[in-house]
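Peer 1: Keeping their order, the protein sequence lines are chains A and B.
Residue 1 is where the first sequence starts when you use the numbering used here, and the numbers rise one by one after that.
Residue 512 is where the second sequence starts when you use the numbering used here, and the numbers rise one by one after that.
What the hints contain is simulated information worked out from the structure, not anything from laboratory work.
Keep in mind that the hints are not guaranteed to be accurate.
[As the list claims (entries may be wrong)] Derived pair list, reagent style DSS-like, types lysine-lysine, alpha-carbon separation capped at 25 Å:
1. B:Lys713 - A:Lys462
2. A:Lys462 - B:Lys714
3. B:Lys578 - A:Lys444
4. B:Lys516 - B:Lys617
[Claimed, not checked] Restraint ranges, calculated between C-beta atoms of paired labels, are given here:
5. B:Arg722 - A:Glu480: 33 to 39 Å
6. A:Val425 - B:Ala705: 57 to 63 Å
7. B:Leu585 - A:Glu418: 27 to 33 Å
8. B:Leu585 - A:Gly499: 52 to 58 Å
9. B:Pro706 - A:Ala479: 41 to 47 Å
10. B:Gly694 - A:Lys462: 56 to 62 Å
11. A:Pro16 - B:Asp657: 55 to 61 Å
12. B:Lys663 - A:Thr431: 31 to 37 Å
13. A:Glu460 - B:Gln685: 28 to 34 Å
14. B:Leu585 - A:Glu483: 27 to 33 Å
Quantities reported herein were computed from a predicted structural model and do not represent experimental measurements.
Just so you know, even glycine gets a beta-carbon here, dropped at the ideal spot from N, CA and C.
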Amino acid sequence: MSDNAMEYRKPLRVKPVERFSPSQIEAVHRASMKLLSETGIRCAGEEAAEIYRAGGCRVEEIHEGSRKQWQIYFLTQLLEDTLRQAPSQVVLGARDPKNTLLLDAASPSVYYGTGSETNVYLRSQLKDFSAEGGHTMEYPVFTEEPGSIKALCESAHLINQLDQVDFFIRNVNIQDEEITPENKDVNVFYAAMLNTTKHVQGGLTDPEALPTVMKMARMIGGDQEHLPMSFIVCPIKSPLSMVADSSQKVIAISRQKVPMVISSSPQGGSTAPIQEEGMVAQINAEILAGIALAQFASPGAPVIYGSVPVRARLDTLHDCYGAPEFIHYAMECAQMARYYGIPCYASAGVGDAKRPGMQAMVEKLYSYLGVASAGAQYIHYAFGLLAGTNTFSPLQAVLDNATVKMVKDILRTADFDEEGVEAAVKEIQTTAAGSGIFAKGIRKQLRKNRVSQTYEFLSEEKEDRVFVMAQHKLDSYLAEKGEGLPAAVIQQVREQIPGLLTIEPWKGGSV
Amino acid sequence: MSKNKTLEALKHAIVMGHLDSDDEGYDGMMEGTPGTMELVETALGDGIDPQVILTTFNEAMEKVGVKFESGEYLLPDMLASAECVGEAMDILEPKLAAGSGSGKGKFLIATVKGDLHDIGKNIVITMLKGAGYQVKDLGIDVPADDIVAAIKEYQPNYVGLSALLTTTMIEMEQVVKKIREAGFNDVKIFIGGAPTSEEFAKKIGADMHCRDAMDTIEKIEGTQDAS
Numbered sequence: 001m002s003d004n005a006m007e008y009r010k011p012l013r014v015k016p017v018e019r020f021s022p023s024q025i026e027a028v029h030r031a032s033m034k035l036l037s038e039t040g041i042r043c044a045g046e047e048a049a050e051i052y053r054a055g056g057c058r059v060e061e062i063h064e065g066s067r068k069q070w071q072i073y074f075l076t077q078l079l080e081d082t083l084r085q086a087p088s089q090v091v092l093g094a095r096d097p098k099n100t101l102l103l104d105a106a107s108p109s110v111y112y113g114t115g116s117e118t119n120v121y122l123r124s125q126l127k128d129f130s131a132e133g134g135h136t137m138e139y140p141v142f143t144e145e146p147g148s149i150k151a152l153c154e155s156a157h158l159i160n161q162l163d164q165v166d167f168f169i170r171n172v173n174i175q176d177e178e179i180t181p182e183n184k185d186v187n188v189f190y191a192a193m194l195n196t197t198k199h200v201q202g203g204l205t206d207p208e209a210l211p212t213v214m215k216m217a218r219m220i221g222g223d224q225e226h227l228p229m230s231f232i233v234c235p236i237k238s239p240l241s242m243v244a245d246s247s248q249k250v251i252a253i254s255r256q257k258v259p260m261v262i263s264s265s266p267q268g269g270s271t272a273p274i275q276e277e278g279m280v281a282q283i284n285a286e287i288l289a290g291i292a293l294a295q296f297a298s299p300g301a302p303v304i305y306g307s308v309p310v311r312a313r314l315d316t317l318h319d320c321y322g323a324p325e326f327i328h329y330a331m332e333c334a335q336m337a338r339y340y341g342i343p344c345y346a347s348a349g350v351g352d353a354k355r356p357g358m359q360a361m362v363e364k365l366y367s368y369l370g371v372a373s374a375g376a377q378y379i380h381y382a383f384g385l386l387a388g389t390n391t392f393s394p395l396q397a398v399l400d401n402a403t404v405k406m407v408k409d410i411l412r413t414a415d416f417d418e419e420g421v422e423a424a425v426k427e428i429q430t431t432a433a434g435s436g437i438f439a440k441g442i443r444k445q446l447r448k449n450r451v452s453q454t455y456e457f458l459s460e461e462k463e464d465r466v467f468v469m470a471q472h473k474l475d476s477y478l479a480e481k482g483e484g485l486p487a488a489v490i491q492q493v494r495e496q497i498p499g500l501l502t503i504e505p506w507k508g509g510s511v
Numbered sequence: 512m513s514k515n516k517t518l519e520a521l522k523h524a525i526v527m528g529h530l531d532s533d534d535e536g537y538d539g540m541m542e543g544t545p546g547t548m549e550l551v552e553t554a555l556g557d558g559i560d561p562q563v564i565l566t567t568f569n570e571a572m573e574k575v576g577v578k579f580e581s582g583e584y585l586l587p588d589m590l591a592s593a594e595c596v597g598e599a600m601d602i603l604e605p606k607l608a609a610g611s612g613s614g615k616g617k618f619l620i621a622t623v624k625g626d627l628h629d630i631g632k633n634i635v636i637t638m639l640k641g642a643g644y645q646v647k648d649l650g651i652d653v654p655a656d657d658i659v660a661a662i663k664e665y666q667p668n669y670v671g672l673s674a675l676l677t678t679t680m681i682e683m684e685q686v687v688k689k690i691r692e693a694g695f696n697d698v699k700i701f702i703g704g705a706p707t708s709e710e711f712a713k714k715i716g717a718d719m720h721c722r723d724a725m726d727t728i729e730k731i732e733g734t735q736d737a738s
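Just chain B, same shape as in the assembly (with noise of 0.2 Å):
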């Protein structure tokens, strides 16, 4: 296979969801064919520069985007490229020179001290890998001091942080005001779960609340275009 052919079947299987030869991708008729993880080593072996792939990532996402926009592809669809994308940087990173990643940025999420829900936090990280970004998962009932022990180890751009429950909310506040007072005012922290809303996020001093998934990659890319 050409290393053209080898990056267009690559875009292909993104677009499908079709992740590994075990997956039957998004029409059901993919298994036993190389999905995403197997035409990245394809790639990867063929001298492909790892820049090159990490643009067919994009522009798969790009076209998934498209087709979720259109209404032809519907949320699952969408998290199964980004599980594809998010799967094969995990081949594709170690190999990028150092410094000539994504350059979208680093993501640190968590969900907060007293709530162990974590199906929402895991889509949003599904969906940011999708979109590129670098993310460390802290899991779930994470106390505010390990979090902010985190950004000084870690370095992120943005912190995102998860509840559902309303009791677990005013954690929300505790941890914010930790992240600032440890001096961390350039980090942008996200808001999510199902009690949240913009006014709660404006009360507690967060930069930025997201309603899902899709909310949140629309506002940090927002937040790339305004930088």
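Chain A extracted, bound-state conformation (with noise of 0.2 Å):
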């Protein structure tokens, strides 16, 4: 099918809200342009210096003791040449062909996603709690496990279900016995493309690895013409530097022209300036020079402008992304991705909270609102992240997908025309004079889906009942059987895939 004709799914549309000026942009565009000019990126990747110099940079060998490295200079003018062969769009595939996404950075139109690929996995069950009196009241209790196959599965599942969840990035860190460095990359994305029909990205552990993902992605996609999953690269150690193994994997997946985010984070006050416009000059040169890396090994290569800048805590300079500050960090670098015409990867629903209540909410609920509104394209980490990004909670997950709900509401662009305003003044006028009542123009709206739904879990009683709502939603999501793969396609994988473990798709049943 071609891109022409495809039907991809559907964004939410934002009027993004602009935290820098125009010229506060083209200062810190200087400002990045002169670190990668003047101080350059420490590389301590021989063939990605290789790379460098022969795209045109500067590249001087450093040695510290027996260990080499290069330090790469970047002409201006030569790097933003080299920026505009990055494709302002890039497709991400699916399972099923309606979860295609399309990330075009002219357009601030928005998904959200998970992320992370965390330690923890926070199961959860109802308990009844009593009080003198005869007060009972009902509330989560909550197990903590380590990251496994199975809570992999069983989490790529309940995504698939959560109807405001774009893409699915791995976000169990799997920690069986039997995984090592050398299958862990097979059995992941395996893992997830078996349990959800949505897009799947992750990390790449060993860059050997990546021609058989790909075959295996190309079984179960289908003859589509995107694959069904993505990469994530971090090829960049704050500040300034570039790391020997992940520049490898940059060099890799460019030459497989597959879509890879490109990323860099930060902390603001440890690793990078606290203050916005130092924290920004340097991740976007940060990124620029990751980007610079992958367009140079493969002209034209499908990159995302990978923002994830964080603030430290003051007290322990751990990461602390309840701060307004990771707000503002990730807002600004939305429009540093816009102003290179490349799609952007940022971050909300993250937060310090470590069970699910008033803190994650309060957390996650101005990061949803206030990077979305910048009009960042991709958003990860927005569902089920708990203690910054170390747990998982399917309960926070189900709950996040309520709020989020409510957020692509509130953010959606005011869509009418003159012949709207038209209608409604007409629409006054009749009922003015007639009954009084506008509730029968609510079922034209409704019909447009120009209505909002309220709250997910709301309570017709006196008691906050949310979290039992929510548990119930969970496990009736659990309790579905997945969709998985056609049984040709799993036997053909299994017989022509090495290392994959036996992982079987979601068989639902009671929980």
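Could you use the hints to bring the two separately framed chains together as a complex?
Peer 2: So this is what it looks like as structure tokens:
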């Protein structure tokens, strides 16, 4: 199917909030260019250094003891020309073609998905609690378990059913005994693609696994033009350094022309300046250096501007996702990505709360609103994360789905024209002269999807029942049988893909 | 069109909230086709007994109620159907033989003195008419004495008092007191409005507190079942 005829999953279209003024964008751009031309990037990868040199960068070899590294200096004009080779549109395929995503740098159209590779899987179960006077209530109790293939399959199945989740970034770090660095990639991508029909994205542990993972993705995606999966690579070690093995991954993936997020995740206050202009100047320089490597290695390679800036906690210097700067940085990176005409990968829905509750809701809600309002096309971390990026809670994912649904309604653009205004005037005149009640007009707007639904977990009682209702919903999702793959595809994958463990499609049933 | 077909079309029009041919109905596709008003005229013109037409109204509204209960219909949909019946009753009522109306009773309603809000009251009126009650609306900012005078004249089975402001809740107490002092002890008094409550209704001697229009219908139908 050609892209012209393709129907993409519907994004949230927003009218972007511009936090930086045009002159501030120019100033940050110049600052990033100055960093890249005067200070450069310290690169630990020899092949990457060679590619930069062949592309026209000035490369100086540096010896630190027996260790060889390279300092890469970028000519501003050359860099700007190179960045223009990156496509402004990136298509991310999916097992179900209706879930295919179009990321268009020229359009502030937003998708929300999962993210991180959490170590802790947080299960929840409702229990009865009682107090004096016969008062009882249900409340969830939580159990932590290490990430596993089973947990990854379960969460992929859950995400497949949550209607507001547009894509699935593998969200569980599988720690089963049988998993090795060599077989991890195929098992992660297989578990994910087996259990969700949405776009799947993940990192690559072993660059050698790339051809095998792509072969498996082709088998699962069938005859579609776009693979149902893509990659994330973070080649940067802030400040201004590039890691050897990750630079190899950038080179390998770009040569395959598979879509790839090229990310950097500096921490304001420890590995980058805490003030926004300093943070964004640095992360922008780091991401652009990574994108340039991909374009030098493979001109026109589809890349996504991967901005994951975070602020430091001032008492521990750990990541602090609940700070407003986390939102400021992300909004500004979305503007910078738009400036370069490259789709933006950003973060929202992650906070510091360790359990579902008010803190989690507050931290998540404001970032959902803020970051999406900036028009970042591809927002990860948005479902189920707790304790920063360390924990995935299925219950929280169900809660987040309900929140994102409201956020999408809040941020939708005002889509009416002159005809709509005329119709409204007629409605007002007719109703004012008649019944005085506009209830009838509601139906027409409902049909046009212009009337929002209320919060999914509203309680009719005088008690907050959000957790109870969300847990019941979660249990019902997990009881559903998964949308596995056709038996012939499963057999083909098992026969031809080495290293696969026994992974079954989600069976459902009682939980 | 046969008489049965006319009645089926009428029922369908009500269920679809299709008032008249200018109205697009529930699904937005019915503009230009005969609506409830035209079909009632057709039915009467065909000589169908007005009592049979009234039965059709009730059957249609029962179907609407089922759709509302199942979540298929929202309150605006129900209101649209109720409006069809309410408007059509204006045509049908004079044709019904004296004393052979819906038999559900008469409802007198007003927003009490000092309060100008009437949206809730008007929704209740639409729903009551749709459910087959005869409704007399005294409007807004109505003094207690005027309400008592209207009861004498209209002889309702039910009186509904509405208030949105906390300051006008107090006026309700005066109205209830005056109604009872005037000797209308059999008239059931319903109160409603954002600041009111069950407790308040009990305190001022009203018979029923209604949370919303649907609650009003449920409670008034409850009094019918009990009688």
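Peer 1: None of the hints should be skipped; say for each whether it holds.
Peer 2: Hints, one by one, checked against the model:
1. B:Lys713 - A:Lys462: Judged against 25 Å, a Cα distance of about 21 Å means the pair holds.
2. A:Lys462 - B:Lys714: 22 Å, holds
3. B:Lys578 - A:Lys444: 18 Å, holds
4. B:Lys516 - B:Lys617: 31 Å, violated
5. B:Arg722 - A:Glu480: 33 to 39 Å: 36 Å, holds
6. A:Val425 - B:Ala705: 57 to 63 Å: 29 Å, violated
7. B:Leu585 - A:Glu418: 27 to 33 Å: Given a distance of about 29 Å, which is inside 27 to 33 Å, the answer is holds.
8. B:Leu585 - A:Gly499: 52 to 58 Å: 53 Å, holds
9. B:Pro706 - A:Ala479: 41 to 47 Å: 44 Å, holds
10. B:Gly694 - A:Lys462: 56 to 62 Å: 39 Å, violated
11. A:Pro16 - B:Asp657: 55 to 61 Å: About 57 Å separates the Cβ atoms of Pro16 of chain A and Asp657 of chain B, which means 55 to 61 Å holds.
12. B:Lys663 - A:Thr431: 31 to 37 Å: The hinted range 31 to 37 Å holds for Lys663 of chain B and Thr431 of chain A, with Cβ atoms some 34 Å apart.
13. A:Glu460 - B:Gln685: 28 to 34 Å: Hint holds: Cβ distance 33 Å, inside 28 to 34 Å.
14. B:Leu585 - A:Glu483: 27 to 33 Å: Roughly 31 Å apart at Cβ, these two residues keep to the hinted range, so it holds.
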